[in-house]
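Go ahead and model the full structure; you've got the sequences and the hints to work with.
One line per chain: the protein sequences are A and B, in this order. Quick note: the first sequence uses our numbering, first residue 126, plus one each step. Quick note: the second sequence uses our numbering, first residue 199, plus one each step.
Check the hints yourself; a few may be wrong.
With beta-carbon atoms standing in for the labels, derived distance ranges [stated by the list, open to error]:
(1) B:Asp-344 - A:Gly-369: 29 to 39 angstroms
(2) A:Asp-146 - B:Ser-309: 55 to 65 angstroms
(3) B:Gly-364 - A:Cys-432: 36 to 46 angstroms
Source of the hints: derived by calculation from the structure; they are not laboratory data. Owing to the predicted nature of the structure, the values given are computational and were not obtained by experimental measurement. Glycine included, each C-beta is placed from N, C-alpha and C at the ideal position.
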Amino acid sequence: MTDNGSLGLVDTDIVRLFTADDPLVLASGSTLGPVDVAYETYGTLSDARDNAVFICHALTGDAHAAGYHPGAKRPGWWDNLIGPGKPLDTDRFFVICANLLGGCQGTTGPSSIDPATGRVYGLGFPLLDMADFVTVHRALLTHLGIERLLAALGGSLGGMQVLEWALRYPEQLTNAAIVAASSRLTAQNIAFSAVARRAIMDDPDFNDGRYSEAGVVPRLGLRTARMMAHITYLSEDAFSEKFGRTPHPERNEPGFGIDFAVESYLDHQGRVFLERFDALSYLYLSRVMDYFDPFSRPHATDAVAACPVKFLVMSFDTDWRFSTEHSRRIVKHLEHARQPVTFRDIPASWGHDSFLLPVERYHDTLRGWFDRAFREGLR
Amino acid sequence: MTPRPITLRPDLDLIAHLVPGSSRVLDLGCGDGALLHHLMAEHDCTGTGVEIDPEKVLAAIAAGVPVMELDLDADLQLFAAASYDTVVLSRTIQTIRRPELVLREMARIGSRLIVSAPNFGLLQHRLMLLSGRMPMSRELPYSWYDTPNLRFTTLVDLEDLFAKLGLVIDQRINLSIAGEPVGKGFRAANLRAGAAVYVLSQG
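Below, the structure is given as structure tokens:
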């Protein structure tokens, strides 16, 4: 990359978008309130309010997409993409990223306190739907005084939110970028999530979701869930290149400890995950993905057919979590609904995680696509 | 990147004039998207390009043309039947592995097909073969070992394939060796045309 502008210090804001008296109505019909949402913004909203881009994060992401929090050594999770002079150029775009409903990084989720009872929601938190994420994102836009987005962009679960948004409210999006996502999980995808959830729920410290009241965390389960998921986020070649069969430096003789470097890596990934993620959020958010199947709805594409959105769909050729076939399926449905669709399958050796990395062809594509979006403006 | 000026290469300009205004166009082998960009900007068309060369795909994206990075030989089933008014295959048929399948798919996807192809039967090519050399010309500028061309056809052979597939030739524009359209009095095209542009429909 030629431009390495950083946003410098950024803050997360929290806003109450729904209250107990004016609750969020979920797709299931249940209500939830209050709902707080954590979000960050970068760049400047134009006077015409026509340069807003919404970032939808993946399963374990958060509102901190770019820049640095005070005292932090590492920037936000998509800092290689978002900033002055970067492909999503904050000198021109006003970028918004919010923590998901059901998350655990400032937005209301199953480990939040239910003010009605004074206790953690736990498994009493309502089941969520992809549409609920979009409802909350839209409420945030209303709060920010933004009627329409120049673009929405998301990878993995984030891409699924963008797809849901475009299908339900196409008039609000001029452009929609969906990266390494899926419109319908396969049995294998669901199976991986099932094992992760089982690991969490079978942990003796899970306590039917009331673990925080007992002052514990289902550490073993959450760690195992993360270790396994992490395997699916990288390609076999990525593991080989990164670790090969290198022994762990502290291995003395073969045993059942951390003998290989890859085991140390997974152990580390599992441990750091405990510091930043919540077991209940993992259950709720992963379940939303399992049930997401928007094109199976009757008249699924009627709204977008009447109000076309410019789509960019991208996959990575070594992604086996959501393989290229998942993206092709999205492309096919959108193409059949006569949408202007751009599709690329990007060669990248890192598997699903490629969407977070500065892969040159991928970032060049986003840069060209966003430049074009800026040039054309709102429809 | 700023939008390119709307001046088309002569061969694309010729094809642009064969596409009805306000129609929905699928351009197979769209390159940098110049034809579609022109049709969208000047003729109120909508459409999609298909291209396999990564740099050209990027150029088409920058130009604002919806483009899919796909393989014509394998991926056209992604497009719905009768979903486009016009399907263009310009200077591309000689580079694909399964031209018969691609023509069938084009006929499934669109009602009006525009196909251009270099003429291997050109007299100059025949003479080169007689002299023991592989043909090269303006239309076939590559050495045998680095050509992107996989299929070589004469206009007569190509028209046999159209007939086999039930495709009717509504219009044929012969191009001179220099690539210029030639008039109706032009005779012996299979010997004298460097290339031809066909407008086809299903009988």
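Name the hints, by number, that the structure is in violation of. none
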